[in-house]
Amino acid sequence: MARPAALDWYKDAVFYEVHVKAFMDGNGDGVGDFAGLTERLDYVQELGVDCLWILPMYPSPLRDDGYDIADFYGIHPSYGTVQDFQKFLDAAHARGLRVIADLVMNHTSDQHPWFQASRSGPSSGYADYYVWSPTDHRFPDARVIFVDTEKSNWTLDPARGAYYWHRFFSHQPDLNYDNPAVRRAMLDVMRFWLDRGLDGFRCDAVPYLVEREGTNCENLPETHAILKEFRAVIDREYGGARVLLAEANQWPEDVRPYFGDGDEFHMAFNFPLMPRLYLGLRLEDSRPITDIFTQMPPIPPACQWGLFLRNHDELTLEMVTNEERAFMYYAYARERDMKLNLGIRRRLAPLLDNDRRRVELLNCLLLTLPGSPIIYYGDEIGMGDNVLLGDRNGVRTPMQWSRDRNAGFSKADPDALYLPVIADPVYGYEAVNVAAQMPQPSSLLNVMRQLLAARRTSSVFGRGTIEFLRPRNSRVLAYLRRLEDETLLIVANLSAAPQPVELDLVAFAGVAPTEMLGGTTFPPIGRGPYFLSLGPHGFYWFRLEHPGDGDRPYGIEGTPI
Amino acid sequence: MTAGLAVALPPDVERQLENLAPAEVAVSVPTYNNAATISKVVAAIRAGLEKYFEGVPAVLINTDAGSSDGTTERVGEAALPLVRAIHPAPPGQLAAVPFHGIPGRGASIQLSLGIARHLGARALVVLEADAVSIDDEWLERLVRPVLEPGADLVLPVHARHRYDGTMTNLVLAPLVGALFGRRLHQPFAGARAMSARLLDRLAEAPWPPPGRSETDLWLTGTAIAEDFAVREARLGPWRVESNTRATDLPTMVAQTLGAVFSLMDGYEELWRRPAADVPTPSEGAAAPPPGDPARVDVERMLRAFQRGLSDLGTIWEQVLAPETWGDVLSLESGDPARFHFPDELWARAVYDFAVGHHHHVVYHDHLLRSFVPLYLGRTAAFVLATRARDAAAAEAALDATAAAFEEQKPYLVDRW
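As you go down the protein sequences, you meet chains S and B in turn.
In terms of this note's numbering, the first sequence opens at residue 1015 and continues consecutively.
In terms of this note's numbering, the second sequence opens at residue 2 and continues consecutively.
In case anyone wonders, no lab produced these hints; they're calculated from the structure.
There could be a bad hint or two in this list.
[To be verified] Per label pair, the in silico range of CB-to-CB distance:
# : chain 1 : residue 1 : chain 2 : residue 2 : range
1 : B       : Glu78     : S       : Pro1453   : 56 to 62 Å
2 : B       : Gly67     : S       : Asp1305   : 50 to 56 Å
3 : S       : Pro1543   : B       : Gly67     : 21 to 27 Å
4 : B       : Arg274    : S       : Ser1416   : 39 to 45 Å
5 : B       : Pro89     : S       : Asp1438   : 32 to 38 Å
6 : B       : Pro89     : S       : Pro1453   : 51 to 57 Å
7 : S       : Pro1439   : B       : Glu269    : 53 to 59 Å
8 : S       : Glu1498   : B       : Leu83     : 31 to 37 Å
[To be verified] If you want a taste of the chain B side facing chain S, the calculated C-beta under 7 Å gives, among others:
#  : residue
9  : Gly166
10 : Phe189
11 : Thr257
12 : Val297
13 : Asp298
[To be verified] Non-contacting residues of chain S with respect to chain B, defined by C-beta distances greater than 10 Å in every case (computed):
#  : residue
14 : Asp1022
15 : Gln1125
16 : Ala1156
17 : Ala1195
18 : Phe1244
19 : Thr1308
20 : Thr1471
21 : Phe1482
22 : Arg1541
23 : Ile1570
24 : Glu1571
25 : Pro1574
26 : Ile1575
Glycine included, each C-beta is placed from N, C-alpha and C at the ideal position.
Let the hints inform the model, and build the full structure from the sequences given.
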């Protein structure tokens, strides 16, 4: 499908996050690859998303699922070659789909040749590519992020006889961005992929690029200066339609600077909102959701939040208070194995007890709150997880295409799969798969397609303002989305019981709301409160158009016939 | 009198007819909840009959789709010989009344025709119960050509501002004109007068299903195809006051265009002949258009067209032929100063939609509604091309559009 080539296409886009290894195995070796992903692009297109986000695809020892990159210029041999990637990218573009890829800027694998060279000592050409120290006492105010596995941000390298700095795992040494050669090298890496047509990068772990004594080494002005420099170069050389998406798992006021004045990142994930959606649902109370928006700083017009319900990492709870966190653990992760770091390692459907109504409700919010939604592969069919697989692997299992062997994902021997398919009776591939849901009109997959199609009918979702209505019944979340003269009203019941709600819509008196998913026109809004009743976890998407709008807008509606 | 009538009249109608004298002029007013306006329309009918047809025996026929607001009682106020008939209507049309205002309009027309023939009427005129701009002259201009032998079908041409009736002017009239080989100004007008000769012929013809909206169009097409004398009568402005008619643009577009497409599917013999550029003779002097024209928002129409390109591309891609789709994509809609929608491309696009409808490439309602932004784009181009010019230039632009539809007709026939 031809789409207008707006530079800010990402503001209207829906993203689909996918692991190459997990989506489709084209060569039968048990690991998904670009050939397989290319085969399945029709599915992605028909789902109704706009842009794929590819998780790390580079050569890597895979000790952190590819976030430990050993060569920025290649494709991991299990996934194919740079040529395979190019074929995939061209095929995606031919379908009107865009593609962004993960890029880890902060660190490399300890297997990367830069690090190996750096270890050999101060005389190496790469000596200053990483952050070295004779002691492990520098930057003591920087917290340890992976508290479950790492004791310190410093690890002694016996070869060089010095400590190297790492904010994540000890096998992921941080690059030294104070070194201009490192900055030039990283820009060259970006150019290499952008030259191939890639539509942008999701930049991993950006707050940690620069370290300074006496700070927590996060979000430093020096880091922002470097990111702005990268953005300027990419805009200048590639015409402004390539997007940079920041992973900055920070509080809203700390994320805001990553947008700069519209001259740093185009997009950043909205980390604080996500846990509150779960919290609001579990508490059956709209206030956790409305409250977080009061803390959400305005962002530059060309920028956009990235919204998500789940992703490849644990459901991160860093951005909630301790009290909220305790409640989330209580509510969503009763078994000990389900907790990891400061998060919960589960997929969407099992997090919600496989309750279709709650799954649809959260997706409704995902698609209608301000920002560009990101859907994690498999969540559109309600895939489950396997918490016994360790680390975050439980949510990275093969896509479930059909009830054939290996869920239709691979022709390999089941033992050869990179991870076993989900096979439990509730979420297993025999019960939950694309082939079964495709022909069934009421399946989650088809409901998702319907919601996505409805979202495409209006640019208000991606670009409009939000205004909460705050009805007396706080179990109902209601908000207006507006853009120019278009207004949408979203009403969602967070409760498992039917709820009545009275909305103050006097400003729209005379308007007959049209429900967008079914096309039904509701009774006109009067001068008093507007009454609605919602079924358990039910929701409405209304289009509010003044009757006058029909005459005024074009000037030809009075007597067209 | 009733020989050859395809459908028998209901028993209660037969009983009413037993007590009625024959009539020369039958005036039919189909109704559905028109209590607010029916008295005005009936008064105009009575005044018109008294003023222009004194001494001519006349009858009023009120076919009703099941009004619940006292409409039929008010029809009785006219103090004219009256036949009342209730006809069935599809439940869906009762809930959402089509653009012409009468659920089950086909059944209504068919009933009127049966009654008029039974009474030996030389002319049957159908009027609209909610057209409040009616005056006594309408009756004269519609009926006179039929009574003074010469015309078999008289269709109205209402005085309109150049940007009124854009759906008719830019889509329906050129399309219907090319199909039937006859230029008609307002093929979807709700009023019409018919001769006894035409009524006799229609009584034997295969009517479209009564629940649909193409009956009037079929009737016109049949009259043209069989060389009945078709005329147009110039009337004053057309203004409707209705609480029931569909008034939202997409619905009106879907219903009217859908009616043409359904007719094309069901009656190929009516339209497959080569197109000809035959104007329709018209009666009466043109009335001046009504007061202030609407303020037309071209930029908004262009935005709707652009949004259509992005949101409905997946549908248009399936409906339009690849060349047409490519040409539509390359229109410069971003810049009003340069936006131009060639007539030839427009004709192909409309024909592609007809073919897509015929072959069911997309669910019919989606196909028809997806046409709206395309129509808005074409309308914007028309306004841009004519707003700084005089009325004659606007007329010439519409003539060029009609000619393009005629020229492109072989394209339609090939793709069908």
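Determine whether the non-interface label on S:Thr1471 survives the test: each CB of chain B must be over 10 Å from its CB.
violated, 6 Å
Hint check: is the beta carbon of B:Val297 less than 7 Å from a beta carbon of chain S?
Holds, about 4 Å.
Find the nearest Cβ of chain B to the Cβ of S:Arg1541 and say whether that gap is larger than 10 Å.
Answer for S:Arg1541: holds, closest chain B Cβ roughly 21 Å.
Looking only at beta-carbon atoms, does the pair S:Glu1498, B:Leu83 fall within the given range of 31 to 37 Å?
violated, 53 Å
Taking the Cβ atom of B:Arg274 and the Cβ atom of S:Ser1416, is their distance within the range 39 to 45 Å?
Because 53 Å falls outside the window, the suggested range is violated.
Beyond 10 Å on every Cβ pair: is that true for S:Glu1571 relative to chain B?
violated, 5 Å
Does S:Phe1482 sit more than 10 Å from chain B, CB to CB?
holds, 27 Å
B:Phe189 was flagged as interface toward chain S. Is the shortest Cβ-Cβ separation under 7 Å?
OK, holds: B:Phe189 within 7 Å of chain S, min 5 Å.
Status of the B:Gly166 interface restraint (C-beta, 7 Å, chain S)
holds, 6 Å
Find the nearest Cβ of chain B to the Cβ of S:Asp1022 and say whether that gap is larger than 10 Å.
Correct as stated: the minimum Cβ-Cβ distance to chain B is 13 Å, above 10 Å.
Beyond 10 Å from every Cβ of chain B: is that where the Cβ of S:Phe1244 lies?
Since the minimum Cβ distance to chain B is about 30 Å, S:Phe1244 lies beyond 10 Å and the statement holds.
Going by Cβ atoms, does S:Thr1308 stay more than 10 Å from chain B at every point?
holds, 32 Å
Taken one by one, the earlier hints fail for this structure at numbers 3, 4, 5, 6, 8, 20, 23, 24, 25 and 26, listed in ascending order.
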